[in-house]
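Student: What follows is each chain in one-letter form.
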Amino acid sequence: MIYIKDLYKSFGTLEVLKGVSCHVKEKEVVVVIGPSGSGKSTLLRCINKLEDATSGEITVDNIPLNGSATNLNKVREEVGMVFQRFNLFPHKTALGNITMAPMKVRKTAKAEVYEAALKLLNKVGLSDKADVYPDQLSGGQQQRVAIARALAMQPKIMLFDEPTSALDPEMVGEVLAVMKNLAREGMTMVVVSHEMGFAREVGDRVIFMDEGMIIEEGTPEQVFGSPQHQRTKAFLSKIL
Amino acid sequence: MKKYLKLSLVALLVLSLALALAGCGGKQEAAKTEGTNPSPPAEKKILKVSTEAAYAPFEFKDKDNNIVGFDAEFIRAVAKEMGYEAELTHVAWDGLIPSLESGAADIVISAMTITEERKKSTLFSEPYLNIVQSVGIKEGSPIKSLDDLKGKTIGVQNNTTGHYWAAKFYNVKPEDNFDKIKKFDTTPDALEALKTGAVDAVVADKPVVLAYIKENPNSKLTKVDSDKFEKEYYGMAMKLGNEELAKKVNDAIKKVKENGTYDSLVKKYFPE
Amino acid sequence: MRWEIIIDRIPILLQGALMTVELTVLAVGIGTVIGLFTSLFRISKFGLSRFLAATYIDFFRGTPLLAQIYLIYFGLPQLVGYVPNPWISGVAALSINSGAYIAEIFRAGIQSIDKGQMEASRSLGMSYGQAMRYVILPQAFKRIVPPLGNEFIAMLKDSSLVSVITLQELMLTGRTIVGSTYRPFEVYITVAVLYLVMTLSISRLIAFLERRLRTGDLH
Ligand SMILES: Nc1ncnc2c1ncn2[C@@H]1O[C@H](COP(=O)(O)OP(=O)(O)OP(=O)(O)O)[C@@H](O)[C@H]1O
Ligand SMILES: [Mg+2]
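Protein chains in written order, with our numbering: chain R, 1 to 240; chain A, 241 to 512; chain C, 513 to 731.
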């Protein structure tokens, strides 16, 4: 589903990604961990072209991202993204947030979009919040709307960038529950998160990044249970 | 970033303070020499004169920004005769008479025609010059006489006798917003608009139209004269009730006319 | 005091005030359209369009409006050879000037919207234009209302400058009346009060709009 080869990314003189290669299979759930500033977000943002790679190859669903003919917006339609800080549209209701892209981008008929949107709200447990504006929702509720909004485009891949780290602890569970459901339904997911429980429960693979490189990867049991690399051990001892 | 902002703010403050003080200082000094030093040479008394210095050949600014012209030289001669020194300040036409009211000026000389209307609010000197209006047009214009002006757009300087003539011609009040009369701030502006075709004709004091045509030979302007224009008399304006000043001024005008200065000015500015 | 002078001339003064309002509404209206597109050029990723927008903004904010009015009415005709119409010249000068100020208002408004909004939109497959139109601008508009109100008030006062090209708005009406009545106090205080009534009405309207926006009626 996602192929990344020798990905380099610099911001000016700051080299953030230094040759990242990895492969995410269909229906796989990959959890990315690593210290702050190690380039996790940048990696995700390169996958849906919010950032341009400096060099290297990325192929998403068999579409090479650097191919000039590639319609980037098309690729983005296939890849949903959920942000740490939700980024809901404050001037739209929950329903309005979810229906905007399908109507404006996919040009799907209004009735159809609304029906699907209500189903999605139901799926994330917020059927009663359809007409509520984001500023009247709790953080956990906002993040669930954001997930529904991304799902409304029927993406083949979902990217999550620390979806629970801006939430009060009591709200983390409700968001993770939605994500777990999604994983069980067979969604291909790349999740930047330090939620061990989530990783162990639904993660197929854990990738540890540091200083712009993938240091170690393996099943959750391998990486959390018996890390091979010194830096992985040091990092895990800090967050456990 | 913030530091620079603060610094430049302080610099700005200091600069403006310095400028303000410099301004005051100059005035204070002048006042002091006047007050504490009465011995020779006796300080000249100042006659404050307002004039609209955009009206060649009567009053205009030369390239050194001095106000010159017939009126300017004439008032200087008159003031000298009175034992004063004339200090000329440029004021927009609409602000001339208000400058008398406010005390900013003692006297106005600005090619101002003595009219009954104006006499109600200002005190005029004896007339010192007479002129007529004239119609500035483009070369080749179909306008040959005053009657041809009917239906044409006339440019005027706001609140001048040319303006009042045009209002009467079209039978409207001067302050009416009437399509065919375009009111400019200055006569040169009206003549510029004539050049571009924005107005079809300009009614203004004949010497001014003449001077403009002469100074701008490339602009292809000419004029139409008519004996239907009544003779107008220029007077200097003073605050209503200031008879004392008016008497001094009238005496001085008489002397300047007698001693030949007046004639030489007329010859200099109106050679034909 | 001779207030009967004013009473007689209320209709003509109101006529002048009406022209002032017309000039202002047109200038800010056209200026808003110019300003919107200029601000989009100003923040675009194309160097040339950024340069052109910045040049336009710098020129019209950095030179006196009066000079711009003279330039359009007296200057350009000499160069291009058209016959200037005072109304068109006046509206053009005021609109182009206002457009430069409004462009900066829009730019500030757009740039005050969190970057995450653009990213979320793009990640949903929206094009840059769609994201601007459906997500960024609707949010920016709310923040633009107060400074736009200020621009409106500023333009209402600055519109008096077009009196130099013979447009008889409120100020020139007042000056002409003083010319024949010699009652500057009565006339100018009336003119000032008329301006005040207009500017206060605008600030009330803006305050009302702001309140509506804040309570979320216009989400
Ligand atoms: N747009 C940008 N311009 C310049 N530098 C950037 C930009 N985005 C990220 N960086 C830098 O790139 C480095 C990696 O950032 P990134 O956000 O990918 O790290 P991260 O692993 O996601 O960290 P965190 O856990 O704190 O989210 C950081 O040093 C960051 O400052
Ligand atoms: Mg990050």
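None of these hints come from the bench; they were simulated from the model. Because the structure is a prediction, the values reported are computed rather than measured. Do not rely on the hints blindly, as some may be mistaken.
Ranges of calculated distance between the beta carbons of each label pair, as one might list FRET restraints [said to hold, decoys possible]: (1) Phe549(C) x Asp304(A): 25 to 33 Å; (2) Val545(C) x Lys246(A): 48 to 56 Å; (3) Glu185(R) x Arg645(C): 56 to 64 Å; (4) Val250(A) x Leu560(C): 24 to 32 Å; (5) Lys392(A) x Leu588(C): 18 to 26 Å; (6) Lys627(C) x Ser36(R): 13 to 21 Å; (7) Val592(C) x Lys384(A): 43 to 51 Å; (8) Leu245(A) x Phe549(C): 51 to 59 Å; (9) Lys413(A) x Arg645(C): 45 to 53 Å; (10) Asp570(C) x Glu379(A): 51 to 59 Å; (11) Leu530(C) x Pro511(A): 45 to 53 Å; (12) Arg716(C) x Leu480(A): 37 to 45 Å.
Just so you have them, the derived chain A footprint on chain C, three or more residues with Cβ under 8 Å [unchecked claim]: (13) 516-529; (14) 548-557; (15) 596-610; (16) 647-660.
All C-beta atoms in this analysis are idealised placements derived from N, C-alpha and C, irrespective of residue type, glycine included.
Student: Each hint needs a verdict: does it hold in this structure or not?
Tutor: Cross-check of the supplied hints:
1. A hinted range of 25 to 33 Å for the beta carbons of phenylalanine 549(C) and aspartate 304(A) is inconsistent with their spacing of about 47 Å.
2. At about 39 Å, the CB distance of valine 545(C) to lysine 246(A) disagrees with the hint of 48 to 56 Å.
3. The hinted window of 56 to 64 Å between glutamate 185(R) and arginine 645(C) is violated, with their beta carbons roughly 33 Å apart.
4. For the pair valine 250(A) and leucine 560(C), the beta carbons lie near 40 Å from each other, so the given range of 24 to 32 Å is not met.
5. One distance hint, 18 to 26 Å for the beta-carbon pair lysine 392(A) and leucine 588(C), holds here, with the actual separation near 24 Å.
6. Range check, lysine 627(C) to serine 36(R): about 19 Å between beta-carbon atoms, so the 13 to 21 Å window is met.
7. In this structure the supplied range 43 to 51 Å is violated for valine 592(C) paired with lysine 384(A), their Cβ-Cβ distance being about 30 Å.
8. Between leucine 245(A) and phenylalanine 549(C) the beta carbons are some 32 Å apart, a value that contradicts the proposed interval 51 to 59 Å.
9. Between lysine 413(A) and arginine 645(C) the Cβ separation comes to about 52 Å, which falls inside the hinted range of 45 to 53 Å.
10. Checked against the given bound of 51 to 59 Å, the beta carbons of aspartate 570(C) and glutamate 379(A), roughly 41 Å apart, lie outside it.
11. One distance hint, 45 to 53 Å for the beta-carbon pair leucine 530(C) and proline 511(A), holds here, with the actual separation near 49 Å.
12. Between arginine 716(C) and leucine 480(A) the C-beta distance comes to about 43 Å, which sits within the given range of 37 to 45 Å.
13. Check on the segment 516-529 of chain C: 4 of its residues sit with their Cβ under 8 Å from a Cβ of chain A, so the three-residue criterion for coverage holds.
14. With 0 residues bearing a CB less than 8 Å from a CB of chain A, the segment 548-557 of chain C misses the requirement of three and the coverage assertion fails.
15. With 3 residues having a Cβ less than 8 Å from any Cβ of chain A, the segment 596-610 of chain C passes the three-residue criterion, so the hint holds.
16. Remark: the segment 647-660 of chain C is not confirmed as covered by chain A, as 0 of its residues place a Cβ nearer than 8 Å to a Cβ of that chain, below the required three.
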